[in-house]
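Numbering of the sequence shown is given in the numbering used here, commencing with residue 265 and proceeding in unit increments.
Please keep in mind that the hints were generated in silico from the structure rather than gathered at the bench. Be careful, since some hints might not be right.
[To be verified] Derived DSSO-like pairs (lysine-lysine); straight-line CA-CA distance at most 30 Å:
| # | residue 1 | residue 2 |
| --- | --- | --- |
| 1 | Lys511 | Lys531 |
| 2 | Lys524 | Lys499 |
| 3 | Lys552 | Lys531 |
| 4 | Lys317 | Lys412 |
| 5 | Lys317 | Lys295 |
| 6 | Lys417 | Lys606 |
| 7 | Lys540 | Lys404 |
| 8 | Lys404 | Lys583 |
| 9 | Lys583 | Lys355 |
| 10 | Lys311 | Lys295 |
| 11 | Lys298 | Lys318 |
| 12 | Lys417 | Lys433 |
| 13 | Lys490 | Lys533 |
| 14 | Lys580 | Lys433 |
| 15 | Lys531 | Lys412 |
| 16 | Lys680 | Lys412 |
| 17 | Lys524 | Lys412 |
| 18 | Lys524 | Lys552 |
| 19 | Lys318 | Lys336 |
| 20 | Lys540 | Lys524 |
| 21 | Lys318 | Lys355 |
| 22 | Lys412 | Lys552 |
| 23 | Lys433 | Lys412 |
[To be verified] Label-pair ranges, simulated between beta-carbon atoms:
| # | residue 1 | residue 2 | range |
| --- | --- | --- | --- |
| 24 | Thr677 | Trp636 | 48 to 56 Å |
| 25 | Ser402 | Phe694 | 49 to 57 Å |
| 26 | Trp328 | Ala364 | 31 to 39 Å |
| 27 | Ala364 | Asn637 | 44 to 52 Å |
All C-beta atoms, glycine included, are put in the ideal place defined by N, C-alpha and C.
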Amino acid sequence: MSPIVIQIIQFFLSLSLLIVLHELGHFIPAKIFKTRVEKFYLFFDIKFSLFKKKIGETVYGIGWLPLGGYVKIAGMIDESMDTEAMKEEPKEWEFRSKPAWQRLIIMLGGVTVNFILAVIIYVGLAFAYGDEYVPADSLKDGFLVTEKSLGDKLGVQTGDKIIAVDGNKIEAFRNILPEIVYGETMTVVRDGDTFEQEIPVDFIATLSEDKDKVRFLSYRLPFIIKDVAEGSLNKDVGFQAFDEVIKVNGTAVSYVDQVKPILEANKGKEVVVTVKRQGGDLVDLNTKVSDEATIGVHIGGLTMEDYAERGYFDIKTRKYSFLESIPAGVDKGVSTLSTYIKGMKKIFNPDTGAYKEVGGFAAIGGLFPESWNWPVFWNTTAFISIILAFMNILPIPALDGGHVAFLLYEMVTGRKPSDKFLEYAQMIGFFILIALLLFANGNDVYKWLFK
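Could you build all of it, start to finish, from the sequences and the hints given here?
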């Protein structure tokens, strides 16, 4: 099965689960408060449905347009309202006849379920898999900057450590980049000195210009030989698997990034490479350097655990009991939501250029891996669930947050907005959503065509 098909399947499986549970968040309190629900749909059923069945007073169905889903609650002013029915006197089973606090609970049900679902998934992942990471401050000699232009833009260089962003300690090395993208200042350790460095406001836009370079901070690893390449200039020199290069022409080296400049300076020449064998013996090998500054060997072949055992960094492993996994899942949900809110602030600041990275369905689908991986699938589903919760609570008419805003106004002032006002607000909100949908998916198309 092709990678893109696997991504599409994961996308629709995740989206379907989230939509059904979100709508259940509205459906259940509506039923509790004896409010009639006329329709419960996965996807939109414009003109026709792929499936529908009426059970009791509710029609359950699957539409053909996969842009979301909905519950049609009687007497509620939304995109599915019956304008003629709204002119009649409210019935006791209609949404509009219910007390404001009941209507508020019904409207908050969807986003509440989305956030709770994300937390439940994070709890399950913590309990089932625990957590394993490289502490950001454990890198023996700092990190490797693989793209100098990005390092210069950010103000970091190979050998640095970033230990905090906006005053918050970075625990895991993998979290450095996400924190930098949404942060304002970072704490850098360089040659034993610690200082504060401002993060360029448009750094997120710089990163987005080349997706292949986005992970420009990496581990500094030793030059350990895996094997000699086929047809290598040095096939008979005597290199062995797991030889570690410790000197080149007498210059001590510890990492790959220290070897490369020496090879660049000796293109087409011969150098003396000193390697340390597995038993500890040191051997000098006369080695030819190609015109491309290579010596014809493959490097690597060690696991992360091997590098940790050699002291290049630490690996922390945490296993959670069921009770311990609950606060861990809650913390993960809250921190994910907090990070996403920071990202939204960047989007609404034109100086950051983050608005260029707003994506639609293709961008969301791209979050899923190209091969099936259950932990990644559930982690991505939890993240999207939090996105849906946040986006739906925004105070835009036609979204749950728009209804909530009007209900809060009613509860505070004691005055209910007129049905006509709500109807017009709903129409305006609908057009705003269409515009956002076109912009986000238009961005996807633009990136596909030109990037």
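Status of each hint after checking the structure:
no.	hint	result
1	Lys511 / Lys531	holds, 17 Å
2	Lys524 / Lys499	holds, 20 Å
3	Lys552 / Lys531	holds, 9 Å
4	Lys317 / Lys412	violated, 60 Å
5	Lys317 / Lys295	holds, 18 Å
6	Lys417 / Lys606	holds, 21 Å
7	Lys540 / Lys404	holds, 20 Å
8	Lys404 / Lys583	holds, 25 Å
9	Lys583 / Lys355	violated, 55 Å
10	Lys311 / Lys295	holds, 27 Å
11	Lys298 / Lys318	holds, 18 Å
12	Lys417 / Lys433	holds, 22 Å
13	Lys490 / Lys533	holds, 23 Å
14	Lys580 / Lys433	holds, 16 Å
15	Lys531 / Lys412	holds, 22 Å
16	Lys680 / Lys412	violated, 59 Å
17	Lys524 / Lys412	holds, 14 Å
18	Lys524 / Lys552	holds, 14 Å
19	Lys318 / Lys336	holds, 13 Å
20	Lys540 / Lys524	holds, 18 Å
21	Lys318 / Lys355	holds, 21 Å
22	Lys412 / Lys552	holds, 28 Å
23	Lys433 / Lys412	holds, 25 Å
24	Thr677 / Trp636: 48 to 56 Å	holds, 52 Å
25	Ser402 / Phe694: 49 to 57 Å	holds, 51 Å
26	Trp328 / Ala364: 31 to 39 Å	holds, 36 Å
27	Ala364 / Asn637: 44 to 52 Å	holds, 45 Å
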